[in-house]
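Residue numbers (UniProt numbering), protein chains in the order written: chain A, 1 to 346; chain B, 1 to 346; chain C, 1 to 346.
It is possible that part of the hints are untrue.
Chain copies aren't distinguished; within one or between two, either way the pair holds.
Stated by the list, open to error - Below 30 Å or equal to it, Euclidean Cα-Cα: the simulated DSS-like pairs (lysine-lysine) are: (1) K57 with K331; (2) K117 with K331; (3) K57 with K205; (4) K57 with K15; (5) K170 with K57; (6) K92 with K331.
In case anyone wonders, no lab produced these hints; they're calculated from the structure.
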Amino acid sequence: MAFVRNTWYCAGWSKDFSRQPITRTLLGEPLMLWRNEAGEAVILSNRCSHRFAPLHKGCVQGDTAACPYHGLKFDSRGQCVHNPHGDGHIPKAAHLRSYPVAERAGVVWVWMGEAEKADAQQILPEAHTGFLQAVEQFSVATGHLEVSGNNLLVMDNLLDLTHAPYVHPKTVGGAPEDSVEAGMQVGIEEDDRSITSTYFCPSMKPTPQLRPLFREEQGDFRVRMRWQPASSLAMRLSMTPCGQADGSGVVLPLLHLLTPIDEHRTHYFFALGRNVALGVPEADAEMAEFARRAFEEEDEPMISACQAQMGTSDLFSLRPVLLQTDVANVKARRRVEALIVQEAGR
Amino acid sequence: MAFVRNTWYCAGWSKDFSRQPITRTLLGEPLMLWRNEAGEAVILSNRCSHRFAPLHKGCVQGDTAACPYHGLKFDSRGQCVHNPHGDGHIPKAAHLRSYPVAERAGVVWVWMGEAEKADAQQILPEAHTGFLQAVEQFSVATGHLEVSGNNLLVMDNLLDLTHAPYVHPKTVGGAPEDSVEAGMQVGIEEDDRSITSTYFCPSMKPTPQLRPLFREEQGDFRVRMRWQPASSLAMRLSMTPCGQADGSGVVLPLLHLLTPIDEHRTHYFFALGRNVALGVPEADAEMAEFARRAFEEEDEPMISACQAQMGTSDLFSLRPVLLQTDVANVKARRRVEALIVQEAGR
Amino acid sequence: MAFVRNTWYCAGWSKDFSRQPITRTLLGEPLMLWRNEAGEAVILSNRCSHRFAPLHKGCVQGDTAACPYHGLKFDSRGQCVHNPHGDGHIPKAAHLRSYPVAERAGVVWVWMGEAEKADAQQILPEAHTGFLQAVEQFSVATGHLEVSGNNLLVMDNLLDLTHAPYVHPKTVGGAPEDSVEAGMQVGIEEDDRSITSTYFCPSMKPTPQLRPLFREEQGDFRVRMRWQPASSLAMRLSMTPCGQADGSGVVLPLLHLLTPIDEHRTHYFFALGRNVALGVPEADAEMAEFARRAFEEEDEPMISACQAQMGTSDLFSLRPVLLQTDVANVKARRRVEALIVQEAGR
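Next up, chain A with everything else stripped away, as it sits in the complex (with noise of 0.2 Å):
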């Protein structure tokens, strides 16, 4: 499975560990994640090195986990400090591999490549991820879902919101009418760290997410998308009065944070924040909701069903014809396969 490794994905919302251990698979390899007694989030192979027992069904105590096969325990970094039978010699080859975390504003973060090479510094900037954990300027939803297709498909999806009026709209696009064929205007920006998609439809109406949250008949809208290798996504949705400063209005910051479980499916956990309706119990629900039937039911089904048409084939290699509004999924795409490159040595 080709997948950049030296890079940090998103293993889960801090909510989804606790002592009980729960299993997840990211980028083929089956894991344990789960929480030691200092609560620092803890992530290992999930295969016992005995026998290659399933270690997130056994139990917890202090800071080992036992297996649930034969008993063998593990502590936090992986190392087995416990053989109950016969003399209890533990063999040197005896631990699980155990992966660099980093827990940021409610994500937690794991570096699934070389071990020494992990680097907080390039950990998604907090000026993306802040707005999870500023309460007193948005209120926030998040939700995780399993997508039936490559992440380099749904990474495709979100650099080109074109999709919207068509996939979404009912949900969070408008219809074409009242954006592509109103002239929504798409642009590109590129830099070192990242490749970011903008889009700007002044007097549009609000799409039906946005109804509730901005009462007016038309606003300017304005969408920028920005993408940092591998696979973080850092978006910011605005509607303000028409002709008034971005900002002044209805701002939505989004996170879209996507991880391969293999091949052909993809963790996307999102989060979702807004400005106004803060901490209002009705706006929160009607907000997850948006979400849920734009990603499960109108993003999920188009993806999955893209991919079972491609089959097993990449992308390219099926020779799709490509739009001006694939410019930064394509340029995106050629910096993965890049880094996929040169961590191959080749």
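Position chains B and C against the provided structure of chain A, taking the given hints into account.
For chains B and C alone, coordinates are given in the frame of chain A:
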């Protein structure tokens, strides 16, 4: 996948095609089936050339079908005629593969091979399909079934009807003691265009299906099953009072049109006519139910069980023991093989 | 598929065989299991040599089984004895592969390898199977389970019973503090014909399964698990009042007979006897239920979870960390490997 491609396959009954597109996979290719404004049946690749989205989920407007993902529009020849994004430029390669189609007597035929070789002369002659619309002479029921077996296994089943007394004793076959053991005569005829199996059982009890239509205790039972490459089977079944001329009693014309879905599944389109009880709804319902039971509950489970026990192996590679009654289907298989070799230019 | 073939495998319990054929896949081969008129167990290939139809769906008459597709009849040695079609000629090759069978004490054994090497001397000795029919001494319950794991993983599970306190604390194992941590002694014995694991726990609390049969607070608990190639495991479990001679208390003889379905699934035939509460229906039901829970709800999920985490890889290719308690199963695996190599003539 090894299939004859330069031939006409049944893509569906005329009634399967409407303004609302559907998808159907033929010879491994997902297709979109619909009708343009003029009412003509249209068959295009169902994979958008941009991102491989399933086009049948989009909207048809006039003579164009719009992709449900990003709104590209294609006309009924597969040409992209509208890109709603940016400056609207349409890349040269933005067209869908389009397949030659011919509609005759309620059957929609498609040519899956080289379009320039599509030759309407090769369509199954009206002599065999005419009954479908000869409402003065025949009442007709049609059906469609997906068989979990290679198309040649279904063809084998139809070209060797000696299975009928074993598989269908309570529907379309008689009991072994009434047919096989009573001396059923099996023959074979052959010409450049076709191979025909014939069966004659003098003084046989009518099969359960025939009993309501042929009220005598016994009759002369005749069946002709004519195969034309690649996979059209036209059948004629008759029962006359003993000793009387063929055609003087009940005549049932049938069609069995087989189209590969892939190597291990087959579309089975069938039609049954009868020259008696014309326009009697109870007879229609009964005839359709007998066919459904025979094909869906008796043939299909047998063929799919054989396929399952063969795995992915080709029939001949497993060295089957062949009987005299396999002559017709072995001849037909040899012709199919020769056509595949010829198309491959080997 | 790499299996030992020149050996006797359990094909089923005697009660599984009747005049009505059933099908069961052993070592990747679909078989038809039935009894001929003399009541002898018969095992033939379930694939008709004509069109590979599943023979178990046909009819048995006297000593012949008829194919449900075209009516060919085969006798109980697999020879085709009737072709109902044409001149009735029976092609020379029209016979089914037939397998040597031996029925002993309620077990039907089958030899899946070279028939001429089938040697009844190699059948599991009566010393280990006799309890099945020693109704004066033992009450017995039998069962059959399909495990989603390679047969060697099931063998490993049985030859290293140190998993019992972790996987079965509420059924057939004691709690860790009552067995492992209380100093269970594990031994191994070996001869040309077998490998035996032994376990001795002096002064142990009875396991939940034993409590209704052994009413004292503590007792000496002994287990012997004897493996004979390729995959027969005969077990003897006893609990005596502390310090008394082995056999003076409760004795449970057990059989675990493993037959590969394919590389990743295994037929698990088990039998449990007890020398107490003879003929007490409640004790029968309770013993059967304990076994079902232990094997079906505890062992099977653990083995199939290990198999799932191993994918299609062989155990040793994944470089497991081995413990002292793996000595018996590693020795057994080495013997199985040697037998496979020897049969392949490498």
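Hints, one by one, checked against the model:
Taking the closest pair of Cα atoms, K57 and K331 come within 30 Å of each other only across two copies (29 Å); inside a single copy the shortest separation is 42 Å, beyond that limit. Proximity of K117 to K331 under the C-alpha cut-off of 30 Å is restricted to the intra-copy arrangement: shortest distance 25 Å within a copy versus 42 Å between copies. For the homomeric pair K57 and K205, the shortest alpha-carbon distance between copies (26 Å) is at most 30 Å, but the shortest distance inside one copy (51 Å) is not. Proximity of K57 to K15 under the C-alpha cut-off of 30 Å is restricted to the intra-copy arrangement: shortest distance 19 Å within a copy versus 37 Å between copies.
In this assembly of identical chains, K170 and K57 lie within 30 Å of each other by CA distance solely across copies; the values are 16 Å between and 42 Å within a copy. For the homomeric pair K92 and K331, the shortest alpha-carbon distance between copies (22 Å) is at most 30 Å, but the shortest distance inside one copy (46 Å) is not.
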